[in-house]
Amino acid sequence: MNHDITRASAAELADALGRKEISAVEVTQAHLDRIAAVDGAVHSYLHVDAHGALEAAREVDDRRAAGDDELHVMAGVPIAVKDVMTTKGLPTTCGSRILEGWIPPYDATLVTKLRAAGMPILGKTNMDEFAMGSSTEHSAYGPSRNPWDLDRIPGGSGGGSSSVIASFQAPLAIGTDTGGSIRQPAAVTGTVGTKPTYGGVSRYGLVALASSLDQAGPCARTVLDTALLHAVIGGYDPRDSTSIHAPVPQVVRAAQRADVSGMRIGVVKQLTGEGYQAGVQQRFDEAVALLVDAGAQVVEVDCPNFQYALAAYYLILPSEASSNLAKFDAMRYGLRVGPDGIPDPSAEQVMAASRDAGFGDEVKRRIILGTYALSSGYYDAYYGQAQKVRRLIAQDFDRAFAQADVLVSPTAPTTAFRVGEKLDDVMAMYLNDVATIPANLAGIPGMSVPSGLAPEDGLPTGLQILAPAMADDRLYAVGAALERALHAKWGGPLLANAPELPTAATKEA
Amino acid sequence: MSTLSRDDVAHLASLARIALSDAELDRMCGELDVILDAVATVQQAPTEGVEPMSHPMPLTNVTRPDEVKPSLTAGEALSGAPEAESDRFSVPRILDED
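Chains as they are written, first to last, in the numbering used here: chain U, 1 to 509; chain V, 1 to 98.
Isolated chain V (complex conformation) (with noise of 0.2 Å):
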């Protein structure tokens, strides 16, 4: 069965954008060996030739017409930012210094 490090984990965690502490790597490695060996069961059932089903309704290109209809305004946009400046989202920086 398949075992994840605590590398594993903090890899995980890195693209899950989430910080995880020492003491959470530590907790979480075990929980998801445990919950990792109930769920591969799903390789024991009989699923040669099966189609894989992504929704329980299938459904492509839903359209509607290209209409201007009521939206938010910019001040119900961002009613719930942490910080707005001009009209704007603000954000820390996006690149690295150097």
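Just chain U, with the same shape it has in the complex (with noise of 0.2 Å):
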């Protein structure tokens, strides 16, 4: 293994861990020397739980000491969670001063199955406001900060998610995906995210932004640890009315296979060329070939209704959005302010009032347009439009999973931009996840692995892979075989040419 503890993988320290040549309490203790040393300059985490990972760490430990062999094999192996997802006793914000301070009296069910797995919650991740965005400059709490160029966006909404594990404040973390708030965080920092199939991780306990679009899913540093996670959370759980009844497809031995030997891979001509930064599309195209060289074959599919995506996808998040977000009405939890200048005021206006002083713009602006979406007169218009397209998407999916096992397109169309470039246009905000988008809309899994830096500015890029609903495996054995290819070419992973960040300790010398 690694010798510094944070630098190792996951399945790293868990076989370690297993031959009891470290202990969790170790394992958790270097992640928080590390977080003490660097989170100052990434500000990855919203609360770190030092207590409560230490005291897991230690139940880890003593229970592997008393020899039982009930262990998970990722028990003492920790992990970051994203501030959307509800934590028993812990904090949880999704971003927003509307929940500043709370403490949810329930955990969501994907954090009931890390405990039982015995992994340390070492605290809750940055993200943007009720995961609305593409870069965490939507929290109300301040961005984090990308570790390969501490002035540029480390993805979103799940920014925090991606940066705390590439920077080594955590092996994995947790992330949602509504329109790639997985992906494009992995593709922008050098890491890996998969977003289930829709209903392959429950969502009780997911703070909803967009019901029908919102998946839980992984973030790790390489395809194996990435499995290694989905595997634990993913599954059927009768409090998710969507969640699927069915075994979590076999995504750890499709990383471990690697094989893409005879398989068809789709390149999607609407989503490359024209609008891709050009480092991205030569690391892409590159990436490609060297599938071809692994035994896959290439074809070109065509789904013309992709170019309404984007569209489509910002009247049904919104409009979603604006009824989940209404239950934040001061009423029983989360901020309650009085209006100015009213004596005795009513509900609706403490309601109105407090739902002005909690939310943040980019929050307000989506519930006024999704209200305004689903309003008579214009329902037909935007949001029945909309959902046609929708189904459109799907069935331009459909022919092109007849053509081929798996989809890939470059998964971000740029790479990290800077702190405050993009914070001005809304529509070039949305533009990030214009490959994204699809999958949320058809509800099919996709995955985005590192494909290089671009040679332009030196900043890490990603591939995407998408395959058939419950086809999850196929992304692994995808991601894994590239992984491998890649690695081999570059002696070693991306993330070992990342610069080694300021620590605390510096700071003050």
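Check the hints yourself; a few may be wrong.
Straight line, CA to CA, 25 Å or less: simulated DMTMM-like cross-link-like pairs of lysine to aspartate or glutamate [said to hold, decoys possible]: (1) U:K422 x V:D33; (2) U:K327 x V:E85; (3) U:K327 x V:D8; (4) U:K20 x U:D4; (5) U:K88 x V:E24; (6) U:K422 x V:D87; (7) U:K327 x V:E83; (8) U:K422 x V:E24; (9) U:K113 x V:E24; (10) U:K113 x U:E274; (11) U:K269 x U:D240; (12) U:K364 x V:D37; (13) U:K364 x V:D7; (14) U:K327 x V:D37; (15) U:K422 x V:E31; (16) V:K69 x U:D240; (17) U:K269 x U:D405; (18) U:K88 x V:D37; (19) U:K422 x V:D37.
Stretch by stretch, here's where chain V covers chain U in the computed footprint (C-beta under 8 Å, at least three residues) [stated by the list, open to error]: (20) 356-370; (21) 456-466.
To be clear about the criterion: a stretch of chain V counts as covered by chain U if any three or more of its residues have a C-beta under 8 Å from a C-beta of chain U, and this derived list gives those stretches [stated by the list, open to error]: (22) 33-45; (23) 52-62; (24) 67-80.
Don't read these hints as lab results, they were simulated from the structure. Virtual Cβ for every residue (Gly too), placed ideally from N, Cα, C.
Please assemble the complex out of the two chains, which come individually in their own frames, going by the hints.
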């Protein structure tokens, strides 16, 4: 194993823990030390739970010492959880002022599974408010930074979860992906992230943004680690009525085999070329060539309705969000403030004042847009039309998967942009998700894996893999094959090239 | 293309129960117009005869056995309440005074 615990993969840690070469407390403490050293600069975490994580680690060590043979293979491997998943006894803010200080009385199902597996939860990671954004700049608590260049964004909405693993502050993290919030952050930080098939991981305890699009999933530094986490959190949950009643696809085995021989890989015509940064496109083309060397066949597939996907998404998402966020009414939990200058205000006045004070600009924009799209007289022209486009996109995927086993594209059109660069241009910000959105609309699984560094700026680029619903294992087969070929070419993982971060100690000196 | 007037946005904000300030209203009118122009392209898609799709998983009537299961205690349910009284959520007045 790597001598530096925080540089080791989750698989290596699980292995060393199982052989009692290291203890869970050592592993957790090493990450807490790393957090203390670098998170001042990166700002991945909104909340760190040193006490709870060490306690969970100690319990694993005690059980292992007592010869407990029911310990999960991942027991003692610590993890960071996006702040949109409820955690009993730990703050859950969704990056919003309206939930500042809220401590949920229950765990999300996937958090229950992490705890049952003995995985210490290091803390909660930063995000765009209610997962609305592509940069974490819409977090009410300030943006996270990209470990490759601290002046740049780590993607979003899951920029806390991408930067936390890219800066070695956790080996694994939980993300959620409504339009690309796991995959785009993975692409711009040189990490791996999977959006499972819709319904493949329980949404119980995931604070909903758009219920028909939201999907929680794993983030990690390697394809195998991502699969190991996917296997922990996946599976049927009676508490989520849209949860799939079927076994989790064999993702770990697929990642270990890394076999693409004979596989048909479809390049989506509409998701390459124009609009993609030159270096992003170049690394994508090279990666596809490596997959061919590994035995895959390449076909070009046509998805003509993808040109309407972004527009449909930005009607469906705000419509669902305006409904989901109605629960923040200042009555049962969350912020309550009274309107200025009104003595004895009504519940409605308190509600409206609290929502104005508690929500940020992007959230207000989307709620109002969704309210408009759903209002009588406009419903057919906007929301109704968007739902028909959604069907067309699903049909495009059906046709494409008749020709190919998986589809590939660049994950994001550009490398990481500078903090502030796109903040005032709403549509430019929305365009970051142009390649990732179609998968959410159709409910199919997708993954982003590192494809290299763009020659023009030296920043990470990502390749997206898409598969039919419930064929998540194919993502891991292709991702692992590409990772193997690229590591051989680079002589190691991409993140080995990331710059050393300023640490709290060096800053003081 | 559709344009939203300041009054339209104020009305939508009141429907959404958000007390926008004058400055927010001014800013949001222009921003929403830009977004609406972009999303209106869904109207150009070839959707004649296409069934709307509301969800990736066509499910109806998902039921479970009617069994009592452990749930939150009143204290847990009230733990995040801005105000509580006698094991209940305490809210501002809900009726007009006259």
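Notebook entry, point to check: Against the structure shown, which of the earlier numbered hints fail to hold, in ascending order?
Noted result: 5, 6, 9, 10, 11, 14, 18 and 21
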